[in-house]
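Peer 1: Sequence:
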Amino acid sequence: MITKLSSAALRGLEAVEVEVEVNSPGTGVPRMIIVGLPDAAVRESAERVSSAVDASALSRGDGAITINLAPADLRKEGPSFDLPIALGVVACAEKSQLGRAADCQIHGELALDGSVRPVKGILSAAIEAKARGKRRLLVPEQNAQEAAMVPGIEVFGVRGLRQAWAFLNGDEELAPVVPEVMLLNKAEACSQDSLDLDEVKGQQSVKRALEVAAAGSHNLLMVGPPGTGKSMLARRLPTILPDMTEEEAIETTRIHSIAGTLGPGEGLVRARPFRSPHHTISNAGLLGGGSNPGPGEISLANNGVLFLDELPEFRRQTLEVLRQPLEDGQVTISRAAGSLTFPSKVLLVGSLNPCPCGYFADPTRACSCTRGQVEKYRQKISGPLLDRIDLHVEVPLVDFRELSSRTSPENSETVRERVRTCRVRQAERFRKAAGVRVNADMRPGQVSRFCELDRKSSCLLEQAMEQLSFSARAYDRILKVARTVADLEGADAVEEAHVMEAIHYRSLDRRLMG
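The opening residue of the sequence shown carries number 661 in my numbering; numbering runs sequentially from there.
Everything labelled a hint here was simulated from the structure, so no lab data went into it. Heads up, the beta-carbon is just placed ideally off N, CA and C, and yes, glycines get one too. Treat the hints with care, since some could be wrong.
Below, a list of computed lysine to any residue pairs in the SDA-like style, where the Cα atoms sit at most 20 Å apart [as the list claims (entries may be wrong)]: (1) Lys1116 <-> Tyr1135; (2) Lys790 <-> Val838; (3) Lys867 <-> Asp856; (4) Lys1092 <-> Asp1152; (5) Lys1116 <-> Met1160; (6) Lys664 <-> Asn829; (7) Lys1036 <-> Asp1152; (8) Lys755 <-> Asp856; (9) Lys755 <-> Ala826; (10) Lys1036 <-> Thr1067; (11) Lys1092 <-> Arg1076; (12) Lys1040 <-> Leu979; (13) Lys755 <-> Arg822; (14) Lys790 <-> Arg822; (15) Lys790 <-> Ala762; (16) Lys1040 <-> Tyr1019; (17) Lys1040 <-> Pro1104; (18) Lys664 <-> Arg735.
Simulated restraints on C-beta separations [unchecked claim]: (19) Ala732 <-> Gln757: 44 to 52 Å; (20) Glu1077 <-> Tyr1135: 26 to 34 Å; (21) Glu704 <-> Gly1105: 48 to 56 Å; (22) Lys790 <-> Gln864: 35 to 43 Å; (23) Asp831 <-> Arg691: 28 to 36 Å; (24) Arg691 <-> Leu772: 14 to 22 Å; (25) Glu707 <-> Ser1042: 47 to 55 Å; (26) Arg976 <-> Ala835: 51 to 59 Å; (27) Arg995 <-> Tyr1135: 35 to 43 Å.
Given these sequences and hints, build the entire structure.
Peer 2: Here it is, written out as structure tokens:
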């Protein structure tokens, strides 16, 4: 007898339907053979399935059992095929047709005792199942909330193999899971909720730069000596970003689902990600890759903040690979078997000291670095990478009067409301422009249309370009930042003051890094 069940394999951010075919003629030496380009984890499922079936008091028949995972030319990876393979084996032994399996896609890893463990990529699988016309999805109970975020498909969560068998065989009824909006990481969400911009004393100019960065999704670089609050400010940037849209939340959740960072029972990601990798990270860790290419830190920070603390401590080659993802908003990983693409629409925040000791040009403390050490330190960040960072701001030491002041600074919610209003203006402006959400996304034609300058502003920008030797890319980015500054003030036209502030944010790299 041959039994056919539906499952899916992950390929990048997408899922591809896989048909699990089980043939058990009841003859031959008892063994289980899995074909269809399986990896080691899939081949090992034979042992897990045999133990789980026996522990669940179900029959797996006699003789040889052949399992084919079609299409045969697609590599199958991971343990998510355990449950459909086991159900197919039992169905062949019991000669059952499994009537409810006809329009059902099945996923799950099996423990040796027959319990079902959660697997990665369930949200992508649910989206693919709906596109294929499936009406039901049978998944581990811990993945059910995640899958239920896709409307128009019934999701059933199971705890064990025997329960899954009883449901598909019609012996037990299960209620479809009702989706609940939950956060990505409860500990991280609580941590972000406890942070607020009013905890940072002084640094008004840097807070203004954070507001501009959040409003237009502009990349930001903070330069200053140790102890000035660069990391403290960066960690509070997510608190002034607006809530994610439904589309952004689903896209972000899919990435975290594939990476396996969603906790048990968690559903749609609502908190904007904040990722801060260590400077020893590899190229593959930052961009994504591996034998089974998965998302890296830049994709895990999609629609959120990627914070690179002490930027020159990262390997220069690792920093250089950021150039294309920052420009295109996506990462393409090419392998012999094909190319995979992951989104990387991040707000990049970097911080660095002006020199290895941190006190170059400091008015109160002497710098102990030689000229060669300073030059070597600065050369770790290339001009092309700096050109892709829109805002360069100096973070000075905070004096005693500001630290001891009892005046309450602006809180995050106040700034966030201004950012939200500014984003609404941009959404209205770009409502007919595909792929453009904020000012930082504008293409050259849109920059010319929406950032038109009057004569005085144009002369000011021309002088800055000549005196500071800005590149053509820097010219475009100055206009985008000026457009954001104008939006924050509710101005329809970009004026001289807006251009002047945008130029100020670009001059720091020439003074300290040039």
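Peer 1: Kindly indicate which numbered hints from before are broken by the structure, ordering the numbers from low to high.
Peer 2: 7, 8, 10, 11, 14, 17, 19 and 22
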